[in-house]
Amino acid sequence: MEKRKLIDENGIRLDGRKWNELRPIRMEVGTLKNADGSAYIEFGKNKIVAAVYGPKEVHPKHEVLPDRALLRCRYHMAPFSVDERKNPAPSRREIEISKVIREALEPAIIMEDYPRTAIEVYVEVLQSDGGSRVAGITASSLALADAGINMRDLVVGCSSGIIDGQVVLDLNDIEDKEGSGDMPVAFMPNLNLITLLQVDGIYTKEQFKQAFELALEGGRKIYRMQREALISKFFGNTQPASAEEDEE
Amino acid sequence: MSAVKKNYVVETIRKAQMKELFMKSRRLDGRALDEFREIKIKTGLIEKANGSALVSLGNTQVMAGVKVSTGAPFPDTPNKGMLVVNAEVLPLASAYAEAGPPDENAIELARVVDRGVRESEMVELEKLCIVEGKLVYTIFVDVNILNVDGNLFDATSFAVVSALRTSKIPEYKAEDDKPKLTGEIIPLPVRKTPVSVTLARIDDILIVDPNAEEEAVMDARLTFTTDDDGNICAGQKGEPGTLTPLQVMQASDIAISKGKEIRKIIMEATG
Amino acid sequence: MMPKVVRKFVIPGDVIAVGDYRSGSYIERRDNQYIALRVGLAEIGRDEVKLNPLSGPYIPHVDDQVIGKIIDITAFGWQVDINSPFFGYLPASFVFGKEFSPSTHDLSSKFKIGDLIAAKVEAFDRTRDPQLSIRGPGLGKIPKGEIVKMSPTKIPRLIGRKGYMIKMIATQTGCELKVGQNGIVVLTGTPEGIVKAANAIRMIEQEAHVADLAKKIQSYLSGGAS
Numbered sequence: 000m001e002k003r004k005l006i007d008e009n010g011i012r013l014d015g016r017k018w019n020e021l022r023p024i025r026m027e028v029g030t031l032k033n034a035d036g037s038a039y040i041e042f043g044k045n046k047i048v049a050a051v052y053g054p055k056e057v058h059p060k061h062e063v064l065p066d067r068a069l070l071r072c073r074y075h076m077a078p079f080s081v082d083e084r085k086n087p088a089p090s091r092r093e094i095e096i097s098k099v100i101r102e103a104l105e106p107a108i109i110m111e112d113y114p115r116t117a118i119e120v121y122v123e124v125l126q127s128d129g130g131s132r133v134a135g136i137t138a139s140s141l142a143l144a145d146a147g148i149n150m151r152d153l154v155v156g157c158s159s160g161i162i163d164g165q166v167v168l169d170l171n172d173i174e175d176k177e178g179s180g181d182m183p184v185a186f187m188p189n190l191n192l193i194t195l196l197q198v199d200g201i202y203t204k205e206q207f208k209q210a211f212e213l214a215l216e217g218g219r220k221i222y223r224m225q226r227e228a229l230i231s232k233f234f235g236n237t238q239p240a241s242a243e244e245d246e247e
Numbered sequence: 000m001s002a003v004k005k006n007y008v009v010e011t012i013r014k015a016q017m018k019e020l021f022m023k024s025r026r027l028d029g030r031a032l033d034e035f036r037e038i039k040i041k042t043g044l045i046e047k048a049n050g051s052a053l054v055s056l057g058n059t060q061v062m063a064g065v066k067v068s069t070g071a072p073f074p075d076t077p078n079k080g081m082l083v084v085n086a087e088v089l090p091l092a093s094a095y096a097e098a099g100p101p102d103e104n105a106i107e108l109a110r111v112v113d114r115g116v117r118e119s120e121m122v123e124l125e126k127l128c129i130v131e132g133k134l135v136y137t138i139f140v141d142v143n144i145l146n147v148d149g150n151l152f153d154a155t156s157f158a159v160v161s162a163l164r165t166s167k168i169p170e171y172k173a174e175d176d177k178p179k180l181t182g183e184i185i186p187l188p189v190r191k192t193p194v195s196v197t198l199a200r201i202d203d204i205l206i207v208d209p210n211a212e213e214e215a216v217m218d219a220r221l222t223f224t225t226d227d228d229g230n231i232c233a234g235q236k237g238e239p240g241t242l243t244p245l246q247v248m249q250a251s252d253i254a255i256s257k258g259k260e261i262r263k264i265i266m267e268a269t270g
Numbered sequence: 000m001m002p003k004v005v006r007k008f009v010i011p012g013d014v015i016a017v018g019d020y021r022s023g024s025y026i027e028r029r030d031n032q033y034i035a036l037r038v039g040l041a042e043i044g045r046d047e048v049k050l051n052p053l054s055g056p057y058i059p060h061v062d063d064q065v066i067g068k069i070i071d072i073t074a075f076g077w078q079v080d081i082n083s084p085f086f087g088y089l090p091a092s093f094v095f096g097k098e099f100s101p102s103t104h105d106l107s108s109k110f111k112i113g114d115l116i117a118a119k120v121e122a123f124d125r126t127r128d129p130q131l132s133i134r135g136p137g138l139g140k141i142p143k144g145e146i147v148k149m150s151p152t153k154i155p156r157l158i159g160r161k162g163y164m165i166k167m168i169a170t171q172t173g174c175e176l177k178v179g180q181n182g183i184v185v186l187t188g189t190p191e192g193i194v195k196a197a198n199a200i201r202m203i204e205q206e207a208h209v210a211d212l213a214k215k216i217q218s219y220l221s222g223g224a225s
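Line by line, the protein sequences are chains X, C and S.
Heads up, the first sequence is in numbering that gives the first Met the number 0, so the first residue is 0 and it goes up one at a time.
Heads up, the second sequence is in numbering that gives the first Met the number 0, so the first residue is 0 and it goes up one at a time.
Heads up, the third sequence is in numbering that gives the first Met the number 0, so the first residue is 0 and it goes up one at a time.
Bound conformation, chain X alone (with noise of 0.2 angstroms):
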């Protein structure tokens, strides 16, 4: 099959963009009424909803914790979310990544906080682009912190990749298909904690450094946007007041 170049002689990629940029991002929080948490993401052409159950009773009884929280999660994709119709059933690239994005959350939740009691995240994702699990963390995260669990940090998820040779950051659906590498990660922005790696594709020892690298810069610039979707929700335009012209 021949191989058609996804960057042109002057570093621009197929969607425009240079090497080291994002794909338009937009965050939303507490999208969802019935969730204790919610929140929506549009990552490129990835759109995806994160809903947060819980604290809450765990079912089945025998699988309570005594000490800590119970964390589920669920990373599923609509039928309709991509070029051919998927099977609704759990695939089992489903399945494992709805593992590592459990693990991914899990280092910022103060499970100790919450004995015996279950927390759901629930990513479903509506349309899928390339990097739709760390797009899912992000906005798992801020479904989190909505629906009021107790937090070290937030958790970011930003991947970076290889296409034609080049390190790049956040690999689009054709980029991640036909590009040689693909590498999610995720982290604690303030704490500097990774809580997901995986890599896929060929990097030598350099490569895999400066991917590793820039998908941190990526991810601490996904932070920001993700912080000023959290004080929007809570805060919308409102400055906070010096105590002294509080008359409550």
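Check the hints yourself; a few may be wrong.
Pairs of lysine-lysine residues, derived as DSBU-like cross-links and limited to a Cα-Cα distance of at most 35 angstroms, are as follows [unchecked claim]: (1) X:Lys204 / C:Lys39; (2) C:Lys39 / X:Lys98; (3) C:Lys66 / C:Lys47.
I should point out that these hints are in silico values taken from the structure, not numbers from a laboratory.
Starting from the structure of chain X, add chains C and S where the hints point.
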């Protein structure tokens, strides 16, 4: 509350002992922090399989078997053979294993091992096309975990790679786009030997090849698969713990250098 | 003039203050940093840091007044939904007294499934479901009223300093407000009064972080624009 605890619980004093030894760069079983347990590889034990390997990594024991047939290719790779890796932790493998369909741990295991084999382009899948878009070889690698004592990722990877490296497959040609055996037996075309190296972080110490006891107390797990040229071709962090960026880089260096040593062992055992 | 308290909007992971302070709930100390664990309004005083969260579940505390719904009747007591990760449990012996016996007393004669009660958290340590009692003034079955829910973390705002806010709503609407720390409020009064009081509660819910909230509510209740 349930009477049966699904996870292996390590005694607190043993955990303390383990951590004390780490400070002296030693482990409870006498290994250095970057030392693997003994790796034993036997191939060709299953005559009815096209390739097989029994790998022991300390007390962890894993059997991989390769079965080859033909079928339609994946739509996005019409000119390549198909390769599928599957893993199952058998109920006889430990007191904590249960019968039933693969759970998320077994699925993750199979997918991470699959990625290492696939991304390294170990198997020359483009040579396994019979009629483009219609007929290709399908390679199924099924892994049975026989005894669990930690680090299933590496043991499984070694077994899959060893089984593939020693696989002999029946040759097919196409007649009206239908498969027909030529009667020849050919070696499965492979060009690389990917090696998986798994590390565990316990507190701020990184160790390679964690055994079950070490896994039970580890904070995070990190697997890297490297190829013959020292490239990284797959990676996966696991467990609900964190790693610093520095630990990630250290782990990748260790995986590259350990990978070289283990590649020699695999190549020796598989000819 | 220096403000006594500096206020800051924070999200989980934010550094509220650096130094040496007394610190309250929802704050984790890392070395000399005080880190927010919730979205909320942080207050940094001379020697104390506080965080008033703006969302989150109701976690019971002993002596809290809660409003709950009977959802199950067992042989020895009632299970009560108290809008929390943990169900409340009201033992029958707390209601019928020491002579309670499951064979002689009919629990549903006292409270039926669906009944609303005001109760007090008698005991809770997170290892077992919180135990409730109805001994005390104003506790027991709530016969009628309009139920309004708000985020449990904003109940202190509804009550206000020394009950200022809630007294103001009660006097200006002629309603009686029964408040559960678990985020449930029951209003009784005239239909107009109830609508007005419910609107005021909704305003507090939405603008709990706003500093001049009491003025806004005052202005709404006295007929000004909301």
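Verification of the hints:
no.: 1; hint: X:Lys204 / C:Lys39; result: holds, 29 angstroms
no.: 2; hint: C:Lys39 / X:Lys98; result: holds, 31 angstroms
no.: 3; hint: C:Lys66 / C:Lys47; result: holds, 9 angstroms
In this structure, every one of the numbered hints holds.
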